[in-house]
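Peer 1: Sequence:
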Amino acid sequence: MKAPDQVDLKPSVDVLVVGAGGAGMTAALAAARQGLDTLLIEKSAYFGGSTARSGGGVWIPGNYALKKAGEADDPAESKKYLDAIVGDVVPKVRRDTYIDRGPEVMDFLKENTPVRFTWVPEYADYLPEAPGGRARGRTVEAIPLNAKFLGAELDRLHPPYGKAPANLIITQADYRKISLGMRTLRGPLVLIRATLMRLLTLLLGKKMYAMGNAIAIGLRKGLVDAGVPVAYETELTDLILENGRVVGVKVRRDGATQEIRATRGVILGSGGFEKNLEMREKYQPQPTSVDWTTGAPSNEGGGILAGITAGAQIDLMDDAWWGPTIPLPNGPWFCLAERNLPGSIIVNQAGKRYMNEA
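Throughout the sequence shown, residue numbering follows this note's numbering, covering 688 to 1045 in sequence.
There's no promise every hint is true.
The calculated DSS-like cross-link candidates involving lysine-lysine, where the alpha carbons are at most 27 angstroms apart (straight line), are [claimed, not checked]:
| # | residue 1 | residue 2 |
| --- | --- | --- |
| 1 | K766 | K779 |
| 2 | K797 | K754 |
| 3 | K835 | K937 |
| 4 | K937 | K969 |
| 5 | K937 | K797 |
I should point out that these hints are in silico values taken from the structure, not numbers from a laboratory.
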């Protein structure tokens, strides 16, 4: 039985996008704003995916937020940085395109969503000592926004990985100060300010969100304004091929399978395979466990597997965005402050330091 807010599945669209995370929603919005009849399908009951569970940092050099802060550097330096840390693992034309065209994507989101970005002061590039690296950083994050404009659709926001203390609206820039505790006045002042803002938003009836939540909410509003339907609990099972070309998808919803044609293309934005133990054991270093990841629970590699079945090439399957986690009864804890505070080290069960915390 279809949920009350579930959309009907048309037999044919121009563009079909798989996955309602940050990548999928951006792709669907771009297609719709080109005048294409677009449908977005999502395996889970939520929008946002791992984007909604993340800190929401975006690394796109030269964007409008960096220019406003006076922190936009020469694109040649950003390219030099990617050349040094990525190298030929990714073709140079693709690396350069990311730097050259990335700011256009940020402008597009500014024009078509309520998301606004700001520079995160001194959030250094991951390898600032590499050629082209920047200690002051190139990372931006979403400015907190009021999500009341989504109405009941806000209930579909993916549950967060972890909430800020006392449900306060905290940004990445704030965490840097809070993590220092009582060493300086900046940490307590940030908490006082956040507490006052929380009380004010409650009095005004606002629903404020920050970090990855703010990005996901803003993108979802963009889809609403562009008229893009989102079919939740609709899982990709196969790609439909004709004469070696993908012409549509097979999906499963409420136990029934249905075909949907896509006359202009299918875009796979369905996330990784961090929750698929079989794929982790096949492609990644051992030992491994699905209990170590903080990614979206629905990330089981469905889009990747469909692509492999259709004959697509794969690469870099042994790599990931790695980060130490500590398994706890209520789920893994992704270590951030534990790794970067002065004098902080991480030890194993024998009390021995076994890693470079940085």
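Peer 1: The structure should be examined with respect to each hint, and the outcome stated for every one.
Peer 2: Right, here's what the structure says about each hint:
Proposed proximity of K766 and K779 is supported: the alpha carbons are some 9 angstroms apart, at most 27 angstroms. At roughly 14 angstroms between alpha-carbon atoms, K797 and K754 fall within 27 angstroms of each other, so this suggested pair holds. Between K835 and K937 the alpha-carbon distance is near 35 angstroms, which puts this suggested pair outside the 27 angstroms criterion. Note on K937 and K969: the hinted pairing holds, with a Cα-Cα distance of about 26 angstroms set against a maximum of 27 angstroms.
Distance check on the hinted pair: K937 and K797 sit about 34 angstroms apart at the alpha-carbon level, beyond 27 angstroms; violated.
Of the numbered hints given earlier, the model fails hints 3, 5; all others are met.
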